[in-house]
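These are the residues of each chain, in order.
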Amino acid sequence: MQHPARGSVTRRSLLVGIGAAGVGVTLAGCSAGSRGGSSSATTISFYLSKPEVIPYFQKLIAKYHREQDKVRVVMDSSSNVPADFVRNQPPDLGCWNYNFSVAEFVNHGALMDLGRTPQAQSINPDLWPLMKQTADYPGRTSAIPYSVMAASVIYNRDIFAKHEITVPTTWTGLTAACEKLRSAGVTPFFNTYADTWTIAQGPFDYSIGGMLDVPGFFADMKDEGTKVGKGSAVSFEKDFAEPMEHMVELDKYANKDAASRKYGDGNTAFAQGKGAMYMQGPWALSQIALTNPKMSLGTFPLPVTDDPKDLKVRVNVDLALWIPEASSKKEAALDFMAWLMQPRINDTYNDDNDGFGSRRDAPPPSNPTLAGMRKFYSSGAFYLGPSQLIPGSIPVANYAQAMMLGSSPSSQLRTLDNDWARYSIRVS
Amino acid sequence: MATATAPPTTSRRAHRRRVDPVFYAFLVPTLVLFTLAITLPAVMGIVLSFTNSVGFGTFTFVGLTNYVAVFSDPALLHAYLFTLFFACITTVVVNVIAFLLSIALTAKIRAKVALRSIFVLPMVIAGIVIAYVFSYLFANSLPALAQSVGFGPLEQSILANPHLAWIAIVTVAAWQAIPGALLIYIAGVLSIPGDVYEAASLDGATGWRQVVSITMPLTAGYILINVIISFKGFMNVYDVIVGLTNGGPGTATTSVAMSIFNGFGNGDYAYQMANATIFFLIGVVIALLQMRLNRGKAAF
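In order, the protein sequence lines correspond to chains A and B.
The first sequence begins at 1 in the numbering used here and counts up one residue at a time.
The second sequence begins at 1 in the numbering used here and counts up one residue at a time.
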């Protein structure tokens, strides 16, 4: 074997050279990464469940980084959080739609107690029962509400004005308005049954919430548990029968092609004036504005009884902040949480995203479309959507769809009762 | 010939000992990956199906409770029946069409290569994309077409009809799966030597007779592998249904895979693990049955 000439590159020296260069680049990368903060900065992972506001939170995080250098936040919105909990590597701070999907983490004590933080003290006390209704770990405040979405019927002010219709406050008034619209050739409701969730969160929840005491009903259902069914003191079949009758009755005032329309179709059609009313939440407003930015819209709670005192709006805790017990960076996570909860950040977020505030002193959203819901929200006349209080493994939205497409409500509600009883066996 | 058909046992053993270790070296990485990524999680899942675990945190063993619950759940029973029904129908549709297409595309016709490429296109599109595109066609284009020609039954979207929605799902699943089966069938048909057909046509067999008596028996192995692959795939149907009906109308088109996945994100972890274990066992039984029924017909 010939000895390589001095100065020429052998294979080994080439490899060593590449390796050294690689290490150099990596080190340079590290130092570049930490240049923004001091060397002692703690990096936390932040999970956001609402895809629409990712760019918004990216800006917030940049602002937070500019204002301090102790904590660096890395946002994640694509991980499977249940799987992260399974692997015992949950995010350090969660900003999550507070529904049944978070219930398991709360009920099993996987989230730390935030009860002693000043942020928890600042929350509107009307909201705690809602939080507990979704999930509860005795003696703990497992999450802090950040933004509340209030939903009701969105209506087209121009159509209402043209046909001289005032906002109905009773069931009789509502059906009269629908008849008037229909005889004038206007479709009263634009419905989208092809997307099951639009039924569950719209007609289904509105009909029940406008008639029943939702928290009371679900508390009784939990007590009844495995015994729910024929002859039990409380059941879906018995208690939901009347609301469901009203829900199905409203279908005759809906667009004829509702069965094959999806959420996106609904937003476009409503924006084009193809319906006078639309049972959607404020999240649809920005989508409607894409088609028709100058639309004049209003909101009112769906009247289901003839007593205006029964009027309530449907709310959900759209975002709530929580910190897992398994996080090793709780201090840093608490710091970012406190920063996010400051009125100047929290109130601006809610106003920009059509949310209602969660703090005692939070102002109502300034969007005039939502004005119709203000007095209900501020007086506590609201309920959590019943569809969100039924365990996610029970396909309630599909049952609601079946009812809308002509299946008898009593048979669907009986299925729901059986599912509830079976689920109670499993979790008891 | 004689040594090949009846080798002495001693020499066979000696032959075995002489396996080059490099083959094991090739085997080990795959074996390790397979064990870590598939076998181990599956075993963990089976163990968890006997507990009340929600996927994390502490849990206790509850014996067969979850299994008893699965068997008394009409929704799951319906999902199983629907999935089986769907898998059978779609397997037949896919294999009949792909087989006939493969014969057409290996015959002496114009633009054969171009046509083959066109037929294979659906294979490279993601299932969920196909499903969304078709859901638009079923929900808008088809009813509009039916209205313009005055054909009553199709004027409402079939996706919204609990008795007809499965037709849409079968159509889309078949449209997507035919190319894969087609490629295997084309390879099978091309592997038949031309002189067999020559001899057959000398004997007076033409057209359809040749297909039934020569092409089909000589591609039996390919038919078997295609049927098994399609059936196995269709039993796991998920994305096409999510995109088309999301299990609806009502729960008419909910598949087993959908119910398992639903439970995972909704705290029904152990319960759906029990369901998954049963589903796995059913899959094993079906695979064994298919192999047994087709034993001897397979060319490989």
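If you're looking for bench data, these hints aren't it; they were derived computationally from the structure.
What you are looking at is a predicted structure, and each value in this text was computed from that prediction instead of being measured.
Honestly, I wouldn't trust all of these hints.
[Claimed, not checked] For the chain A half of the interface with chain B, some residues (derived, Cβ under 7 Å), not all of them:
| # | residue |
| --- | --- |
| 1 | S79 |
| 2 | D84 |
| 3 | F85 |
| 4 | V86 |
| 5 | H108 |
| 6 | A259 |
| 7 | G264 |
| 8 | G392 |
| 9 | N398 |
| 10 | A402 |
| 11 | L405 |
| 12 | G406 |
| 13 | S410 |
| 14 | S424 |
| 15 | R426 |
[To be verified] Estimated spans, in silico, between C-beta atoms of each pair:
| # | chain 1 | residue 1 | chain 2 | residue 2 | range |
| --- | --- | --- | --- | --- | --- |
| 16 | B | K232 | A | E325 | 50 to 60 Å |
| 17 | A | Q272 | B | L40 | 52 to 62 Å |
| 18 | A | D220 | B | F261 | 46 to 56 Å |
| 19 | A | Q272 | B | G221 | 52 to 62 Å |
| 20 | A | D220 | B | L81 | 26 to 36 Å |
Where is the CB? At the ideal position from N, CA and C, for every residue including glycine.
How the hints compare with the structure:
Checking A:S79 against chain B by beta carbon gives a least distance of about 13 Å; that is not within 7 Å, so the hint is violated. The interface hint given for A:D84 is violated, since its Cβ lies 9 Å from the closest Cβ of chain B, which is over the 7 Å cut-off. For A:F85, the interface hint holds, since its Cβ comes within 7 Å of a Cβ in chain B; the closest pair sits about 4 Å apart. Here the hint on A:V86 is kept, as its CB sits about 5 Å from the closest CB of chain B, short of 7 Å.
Given the 7 Å rule on beta carbons, the hint for A:H108 holds: about 5 Å separates it from the nearest Cβ of chain B. Evaluation of the A:A259 hint against chain B yields a held restraint, the C-beta minimum of about 3 Å falling below 7 Å. Taken as an interface hint, A:G264 does not check out: its beta carbon lies about 10 Å from the nearest beta carbon of chain B, beyond 7 Å. Because the beta carbon of A:G392 sits about 3 Å from the nearest beta carbon in chain B, less than 7 Å, this interface hint is met.
Against a cut-off of 7 Å between C-beta atoms, the interface hint on A:N398 holds, since the closest Cβ of chain B lies about 5 Å away. Interface hint at A:A402: satisfied, since its Cβ lies 3 Å from the closest Cβ of chain B, which is below the 7 Å cut-off. Evaluation of the A:L405 hint against chain B yields a held restraint, the C-beta minimum of about 5 Å falling below 7 Å. At a threshold of 7 Å, the smallest CB-CB gap from A:G406 to chain B is about 9 Å, leaving the interface hint violated.
Checking A:S410 against chain B: minimum C-beta separation of about 14 Å lies over 7 Å; hint violated. With a cut of 7 Å, the hint placing A:S424 at the interface with chain B is violated, because the nearest CB-to-CB distance is about 11 Å. For A:R426, the interface hint holds, the least distance from its beta-carbon to any beta-carbon of chain B being 5 Å, beneath 7 Å. Distance hint for B:K232 and A:E325: a CB-CB separation of about 41 Å, inconsistent with the stated range 50 to 60 Å.
At roughly 55 Å, the beta carbons of A:Q272 and B:L40 sit within the given window of 52 to 62 Å. Between A:D220 and B:F261, the C-beta spacing of about 31 Å breaks the proposed range 46 to 56 Å. Range check, A:Q272 to B:G221: Cβ separation about 58 Å, and the 52 to 62 Å hint holds. Taking the beta carbon of each, A:D220 and B:L81 are about 34 Å apart, inside 26 to 36 Å as hinted.
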